[in-house]
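The primary structure of each chain is shown beneath.
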Amino acid sequence: MLFNSFQFLAFFIIVTSLYFLLPYKQRWILLLTASCYFYMAFIPIYILILGFTIIIDYFAGLYIEKSVGKRKKTFLVFSLIANIGVLAIFKYYNFISENLNFLLHGFGMDKPIPYLNILLPIGLSFHTFQAMSYTIEVYRGNQKAERHFGIYSLYVMFYPQLVAGPIERPQNLLHQFREKFDFDYNRVTDGLRLMAWGIFKKVVIADRLAIPVGFVYAQPQSYNSFSLIIATVFFAFQIFCDFSAYSDIAIGAARVMGFKLMKNFDKPYHSQSVSEFWKRWHISLSSWFRDYLYISLGGNRVTIPRWLLNLFIVFLVSGLWHGANWTFIIWGALHGFYLVFGIVTKKLREKTGLDKIPLLSSLVTFTLVCFAWIFFRADNIKVAWYIATHIITGLPYLILQHHHIIEYIGISKDELILCFATILLLECVHILQSRVNIVAYFKAKSIYFRWAVYLSLLVAIIFFGVFENRQFIYFQF
Amino acid sequence: MKIFVLKVIAFVIIFFVLATLLQNIIDRGLRKAPENKEINDIISSDINAGILIQGSSRAKRHISTLVLDSVFKMNSYNLGLPAYNFIMQYYQFLLYLKYNTPPKYIIQNIDPRTFRKDRYLVNYEQFLPFLDDRLIKKAVVSYHGLDWKDFYIPLYKYHSVYHLVYEGIKNNISKPQPDNNDHKGYEPIDSLCDPSFGSYLLNNPQGYRMEVDSLTLNYFKSFIDTCKAKKITVILVYTPEYYRAQKMLLNRDSIISLFKNYSSLYNLTLLDYSQDSICHDSVNFYNYQHLNKIGVKKFNSKLARDLKDLIK
Chain A
1 MLFNSFQFLA
11 FFIIVTSLYF
21 LLPYKQRWIL
31 LLTASCYFYM
41 AFIPIYILIL
51 GFTIIIDYFA
61 GLYIEKSVGK
71 RKKTFLVFSL
81 IANIGVLAIF
91 KYYNFISENL
101 NFLLHGFGMD
111 KPIPYLNILL
121 PIGLSFHTFQ
131 AMSYTIEVYR
141 GNQKAERHFG
151 IYSLYVMFYP
161 QLVAGPIERP
171 QNLLHQFREK
181 FDFDYNRVTD
191 GLRLMAWGIF
201 KKVVIADRLA
211 IPVGFVYAQP
221 QSYNSFSLII
231 ATVFFAFQIF
241 CDFSAYSDIA
251 IGAARVMGFK
261 LMKNFDKPYH
271 SQSVSEFWKR
281 WHISLSSWFR
291 DYLYISLGGN
301 RVTIPRWLLN
311 LFIVFLVSGL
321 WHGANWTFII
331 WGALHGFYLV
341 FGIVTKKLRE
351 KTGLDKIPLL
361 SSLVTFTLVC
371 FAWIFFRADN
381 IKVAWYIATH
391 IITGLPYLIL
401 QHHHIIEYIG
411 ISKDELILCF
421 ATILLLECVH
431 ILQSRVNIVA
441 YFKAKSIYFR
451 WAVYLSLLVA
461 IIFFGVFENR
471 QFIYFQF
Chain B
1001 MKIFVLKVIA
1011 FVIIFFVLAT
1021 LLQNIIDRGL
1031 RKAPENKEIN
1041 DIISSDINAG
1051 ILIQGSSRAK
1061 RHISTLVLDS
1071 VFKMNSYNLG
1081 LPAYNFIMQY
1091 YQFLLYLKYN
1101 TPPKYIIQNI
1111 DPRTFRKDRY
1121 LVNYEQFLPF
1131 LDDRLIKKAV
1141 VSYHGLDWKD
1151 FYIPLYKYHS
1161 VYHLVYEGIK
1171 NNISKPQPDN
1181 NDHKGYEPID
1191 SLCDPSFGSY
1201 LLNNPQGYRM
1211 EVDSLTLNYF
1221 KSFIDTCKAK
1231 KITVILVYTP
1241 EYYRAQKMLL
1251 NRDSIISLFK
1261 NYSSLYNLTL
1271 LDYSQDSICH
1281 DSVNFYNYQH
1291 LNKIGVKKFN
1301 SKLARDLKDL
1311 IK
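In order, the protein sequences belong to chains A and B.
Residue numbers for the first sequence follow the working numbering, so the first one is 1 and each next one is one higher.
Residue numbers for the second sequence follow the working numbering, so the first one is 1001 and each next one is one higher.
These are calculated hints, taken from the structure and not from any lab test.
Since the model is a prediction, treat every value here as computed from it, not as a measurement.
Using N, Cα and C, we set each Cβ at its ideal position, and we do this for glycine too.
Careful, some of the hints might be misleading.
Said to hold, decoys possible - Straight-line alpha carbon distances no greater than 20 Å define the calculated SDA-like cross-link-like pairs of lysine to any residue that follow:
(1) K1184(B) x K1260(B)
(2) K1007(B) x F20(A)
(3) K443(A) x T1101(B)
(4) K413(A) x K1184(B)
Unchecked claim - Here are the simulated distance ranges between beta carbons:
(5) K1247(B) x A460(A): 51 to 59 Å
(6) G410(A) x D1309(B): 21 to 29 Å
(7) R1119(B) x Q433(A): 46 to 54 Å
(8) V1008(B) x Y37(A): 42 to 50 Å
(9) A41(A) x E1125(B): 29 to 37 Å
(10) Q219(A) x T1101(B): 21 to 29 Å
(11) A1010(B) x A460(A): 14 to 22 Å
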């Protein structure tokens, strides 16, 4: 059940209405049932995997809290192995087999390791990481073990953020399931506004940009450098709008019911360095890696070479988290390299003063991020390499030639203009967001103005939206 | 909560009212567009033809209203529907009867695709301004392409077709350019063999089969019954088809005998030009199924000659 479907609209209206009609002590039952239904709408059988990790982590939490010393650690390790084991089987097994078979082929062995014919459970990496954060926090003593099995299950399965985050922490979310949220007009409308903006970003911007991106990336050899650049920039905005839209809808849907989920995006393309980009992009995942991996590796309280290595490892693992493919690993490694390079050259850049020109810094950062997106989007290394090596090379020739620069990339001229217009609109909103509190500004306006904006947004979604029920990109992770 | 619910209801009502209003403006504008002239002429009761031509693109491109008008001194109109099988043609016929007086004669173009099974909406944009008509809606839902949202959510049917929205609004402000080549639905093509002609034959060396759909046949029977009840004379015409392409259709003989059976069963005249000399010269065609202006000229003089005994 996709957020951008009428099925979800009906589901949301029914669940939210029932939520406010039920006595608050029974609301968790409704939310848990609704979350099960939501998850089972994708591939029903995979609820068993979720059930397996929930049971393991629920008991692990209780035993970790009760135990001390080595025994306590053993329960944590057991829980982590169970979670990572599920990830390893469903997400990485075939990737590892493929690579080992490739290596063993060199020794004359033909595919000695079998492949598993399984589909990746939707949002596996998200709920696994959320579950892991629970046992780690209980182990660290920052969170009390949850005794109510239903509430704990809901923590892992809460439908708005079940399949694509934000990856929540137990300290932020668990206690909210015990709170009584009454119907609050302002809060409900805030949530709905955020959801509407998310749907706009998804169906009008992301899914529209997906068409030329898919076209060019399917056969990059057929396109010139300019088209490759356009497709890559479009992908940068496509993935931002796609993923941030999901987060907006998730945060908005939870907000309507009273729950406060963490912010996941903060105008990432306005970042002036790659390190800042990661503080603004997929915040819930970057902070997860910071809190549970980077700090565990020693963080920056180690020698400089070790610190740089720690950073690189974190981004390498982050790449692997996104998918079992070398393209994602290279994407992660590129970001790791950007960060390390940024630290090493910091003093030199400060001397030149180039860092002090914000627009230049943002432009360089955006270019670096876009270059890395090539590896993220490409289906395989071969395609990524072709694009990465041809994206600039033909450009001087094209400029000198003065014609055939703009090619057909799967959309009409009108649609191409629309793509640029939507990106421009998005950036205008972001610039406005940096200067004023849009929500407060909006609330201060008359009802006629507000409703006119809502109606325009709705009409824009209907007219310019792509209604092909395209999946959110991050569902695959 | 009460205020919120009331506001939501008010918002939904305002949206539906305004969106329906805007949709009607776009619909009205698009109905004036030359490309929607045929359906608009039907609905406006502007046709009232003595001779009605029905069929697929082969009817639209091959049977000249100019020739029929001049030879028979009777108003003729071509309702050929490119790319559609008989189901859509039948609904168009019912629509015609709903708004116009029944014709005296119907020249029904037939070919192997008339009773084929596939039901996908082709060029669905032509129906969008007319979806409020119950018959058109019924016709459209017989095919795959549009769903409930297109009928019940105002403006939704125009999503992603901005050019139509623009054209619809524009046509309300300024009068659309009339089509100077309007020949009452007849649209000949003035070109020689297209480059795909030879490659089509090369790409289909094994030939293909055309499945006959029993449901479509039922519509055809209903059509004949309605014509009989309304005292309309139906003449079946199989217009010329390039001879090499005919060999590609593996079950062509059984389809032709089906037409012959219907012809004798319902006492309908069948004029078959598929073996005519026109079919043997590629100069007469712009693709393997369609005649060009050269071929059309030759064919229409033959058709008019043969129809003289049938149309009085």
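- Could you work out which earlier hints the structure fails to respect and list their numbers in ascending sequence? Result: hints 1, 3, 4, 6, 8 and 10 break, sorted rising.
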